[in-house]
Amino acid sequence: DGGITQSPKYLFRKEGQNVTLSCEQNLNHDAMYWYRQDPGQGLRLIYYSQIVNDFQKGDIAEGYSVSREKKESFPLTVTSAQKNPTAFYLCATQDGIGPQHFGDGTRLSIL
Amino acid sequence: DQQVKQNSPSLSVQEGRISILNCDYTNSMFDYFLWYKKYPAEGPTFLISISSIKDKNEDGRFTVFLNKSAKHLSLHIVPSQPGDSAVYFCAASAKRYGGSQGNLIFGKGTKLSVKP
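Chains as they are written, first to last, in this note's numbering: chain A, 190 to 300; chain B, 173 to 288.
If you are wondering where the hints come from, they were derived from the structure by calculation, not from laboratory data. Every value quoted in this text rests on a predicted model; they were computed, and no experiment measured them. There may be inaccurate statements among the hints.
Cross-link-like lysine-lysine pairs, in silico, DSS-like; alpha carbons within 27 Å at most [what the hints assert, rightly or not]: (1) K210(B) with K246(A); (2) K210(B) with K283(B); (3) K246(A) with K177(B); (4) K198(A) with K280(B); (5) K210(B) with K287(B).
With the sequences and hints as input, model every part of the structure.
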């Protein structure tokens, strides 16, 4: 979606390494979300944030961390504690009670 | 246990005909339902939504029907076009009204192929 930028598009992680995925938005939306998609599966919620300086765990938060220091940014760190990090990661934003809108994703692979 | 189920992994339809994608849910607290379309290596694109106070919502070629008693919704695409070929995800949330926005629960998706 226009206005939501995820970077990088492809990312490789070495064993024991933390990596950070970027999500930036210029839509002025309050809520931001991180999802993970595995092949043949639906999207599963990792973390979400309804307002700046506040965030909540989703269904599969173990091995991940986030921060929300600015309204525009919601970076996701995949830590070495996440044993199966290979997946397609999607960031979404939401304005009020409208639908969530998604960025184009980051594909994370293990070296 | 899956709260949102799309039991057909794939669907093939001829161009110009109707495509019907189905979705079942188990949580009676869900009150807002959405359909997303996704191409490979891209993020999902919002298509259409419906709240539980309605049983039908229409937007151009796309119509969503909701049957609350059966906990079933469907997306109709008429007429189907080759450009509609993608994976379609059904999603649901609860606590939309009178409380904080609930988080989306997604089905596993149905891959639609529209043949010329």
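**Report entry** Agreement of K210(B) and K246(A) with the hint, judged by alpha carbon distance not exceeding 27 Å
**Finding:** Roughly 25 Å separates the two Cα atoms, so the pair holds.
Query - Hint consistency between K210(B) and K283(B) [alpha-carbon to alpha-carbon, up to 27 Å] - result: This hinted pair holds, its Cα atoms lying about 9 Å apart.
Query raised in the report: Is the Cα-Cα distance between K246(A) and K177(B) 27 Å or less?
Result: Holds: K246(A) and K177(B) sit about 23 Å apart, inside 27 Å.
Query - Satisfaction of hint between K287(B) and K210(B), Cα-Cα up to 27 Å - result: holds, 18 Å
Report task. Given the hint that K198(A) pairs with K280(B), test it: the Cα-Cα distance must not exceed 27 Å. Result -> holds, 23 Å
In summary, the structure agrees with every hint in the numbered list given earlier.
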